[in-house]
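The task is simple: from the sequences and hints, build the whole structure.
Quick mapping for you: the protein sequence lines, in order, are chains Y and R. Numbered by the numbering used here, the letters in the first sequence go through residues 59 to 172 in order. Numbered by the numbering used here, the letters in the second sequence go through residues 2 to 112 in order.
Treat the hints loosely; a few may be bogus.
Incomplete in silico selection of chain R near chain Y, CB under 7 Å [to be verified]:
no., residue
1, Gly17
2, Ala18
3, Met35
4, Lys43
5, Gly44
6, Leu47
7, Tyr50
8, Leu89
9, Ser93
10, Phe98
11, Lys99
12, Thr100
13, Phe102
14, Gly103
15, Ala104
Derived Cβ-Cβ restraints for the label pairs, each shown as a range [said to hold, decoys possible]:
no., chain 1, residue 1, chain 2, residue 2, range
16, R, Ser69, Y, Thr63, 35 to 45 Å
17, R, Arg78, Y, Gly74, 44 to 54 Å
18, R, Asn28, Y, Gly86, 25 to 35 Å
19, Y, Glu111, R, Glu16, 42 to 52 Å
20, R, Lys3, Y, Asn137, 26 to 36 Å
21, Y, Gly74, R, Asp59, 39 to 49 Å
22, Y, Gly74, R, Glu6, 29 to 39 Å
23, Y, Gln99, R, Ala30, 16 to 26 Å
24, R, Lys68, Y, Glu153, 22 to 32 Å
25, Y, Gly74, R, Lys3, 38 to 48 Å
26, Y, Thr67, R, Pro11, 25 to 35 Å
27, Y, Gly142, R, Ser54, 30 to 40 Å
28, R, Lys3, Y, Arg73, 26 to 36 Å
No wet-lab data here; the hints were simulated from the structure. We put the CB at the ideal spot given by N, CA and C, even for glycine.
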Amino acid sequence: DAGVTQSPTHLIKTRGQQVTLRCSPKSGHDTVSWYQQALGQGPQFIFQYYEEEERQRGNFPDRFSGHQFPNYSSELNVNALLLGDSALYLCASTEKTGEGSPLHFGNGTRLTVT
Amino acid sequence: QKEVEQDPGPLSVPEGAIVSLNCTYSNSAFQYFMWYRQYSRKGPELLMYTYSSGNKEDGRFTAQVDKSSKYISLFIRDSQPSDSATYLCAMSRTGGFKTIFGAGTRLFVKA
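Pasting the structure below:
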């Protein structure tokens, strides 16, 4: 039973560039959430996708956008990268949205912005 | 004030010790409470999941929720060096789409 998979594992970008991160949810899961985890901090909610729509968004600027595909996989796009965007980006899936379903995480993409 | 407060540690204990990890929260609407373990360079792994108040035990791990005090705990019995990791508390509310995490407590278990 494949868990949540993310690609790439590491990425180095220059300030001002754009980046796309990818995620495949755990088998049987249809809801995908993205989190940003800065060094020494807990994960911070970016947004959640269900049925190819953004269901809720955290306190992140419009530079952060996403997409969910019919097969439930998802992408996170970040435009105009800032040094402060350097973090571990985590994708998590659940079997249904809301109702406290626990998140199942991938191992993340470590983004470094120079 | 953060919605979820967690002491970042680090916490260092000898092998075999009982470990107590704690979080406090401010939002009384939280109904679902979770503990995750995160090893270095890995994603968080779900350890315990509880609904509302009470205790839940799974092997060496016990989770406690006291909603009246807005306080949750994770106990690890007979701690092992392999338990060395960061432990994240997390919680969400009914009908909510986001899970709120604490900052994580770094635990070191010395052999």
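### Query
Failing hints, ascending?
1, 2 and 25
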